[in-house]
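Chemist: Construct the entire structure; sequences and hints are all you get.
Note that the working numbering has the sequence shown beginning at 1, numbered continuously upward.
Worth flagging that the hints you see were computed from the coordinates, not collected in a lab. Be aware that a few hints might be false.
[To be verified] Each computed PhoX-like pair below joins lysine-lysine, with the alpha-carbon atoms no more than 25 angstroms apart: (1) Lys12 / Lys54; (2) Lys64 / Lys25; (3) Lys64 / Lys36; (4) Lys64 / Lys33; (5) Lys86 / Lys74; (6) Lys33 / Lys74; (7) Lys108 / Lys74; (8) Lys53 / Lys108; (9) Lys33 / Lys12; (10) Lys36 / Lys53.
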Amino acid sequence: MAWEQNEIRNLKVNHYMMIDDEPCKIKSINTSKPGKHGEAKARIQGIGIFDGKKHSLISPVTHKVRVPIIDKRKGQVISIQGNEVKIMDMETYETFGLAVEDDEIMDKIEQGQEVDYLETVGKKKITRV
1 MAWEQNEIRN
11 LKVNHYMMID
21 DEPCKIKSIN
31 TSKPGKHGEA
41 KARIQGIGIF
51 DGKKHSLISP
61 VTHKVRVPII
71 DKRKGQVISI
81 QGNEVKIMDM
91 ETYETFGLAV
101 EDDEIMDKIE
111 QGQEVDYLET
121 VGKKKITRV
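Modeler: Okay, here's the thing in structure tokens:
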């Protein structure tokens, strides 16, 4: 299990949550007042970590949502083949390959260099060189 449950009222901007089964970073949260017979509702806008798309959710503030557990780690670049980068984790010495779609990050990566990456919901992504 790479996520936990939390109520919408406890979420904050720049935290993470799952929207449409995609881990997203929350960019804005707007709440409305409760009506005569209803609950207060929250409108949440987020950006997907892996797909980079906007995702939105409208739900009561007492509704429980999934919050992904983000594991931020350091690794060393072992080799580069096209847009595939082979990385060794600095703590566990595990090696794995990552496909890098971001050209800006790909231009900065060199062999032997340390990179920061995050892992959540079975996916990995390089965040900083």
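Chemist: Against this structure, judge whether each hint is valid.
Modeler: Evaluation of the provided hints:
1. Lys12 / Lys54: holds, 17 angstroms
2. Lys64 / Lys25: This hinted pair holds, its Cα atoms lying about 17 angstroms apart.
3. Lys64 / Lys36: Cα-Cα ~22 angstroms, so holds.
4. Lys64 / Lys33: holds, 19 angstroms
5. Lys86 / Lys74: Holds. Lys86 to Lys74 sits at ~13 angstroms (cutoff 25 angstroms).
6. Lys33 / Lys74: The hint is violated at about 43 angstroms.
7. Lys108 / Lys74: Between Lys108 and Lys74 the Cα gap is close to 16 angstroms, so the pair holds against 25 angstroms.
8. Lys53 / Lys108: With Cα atoms ~24 angstroms apart, Lys53 and Lys108 stay inside 25 angstroms; holds.
9. Lys33 / Lys12: Distance ~18 angstroms between Lys33 and Lys12 Cα, so the pair holds.
10. Lys36 / Lys53: Roughly 35 angstroms between the alpha carbons, so the hint for Lys36 and Lys53 is violated.
Violated hints, in rising order: 6, 10; the structure is consistent with all others.
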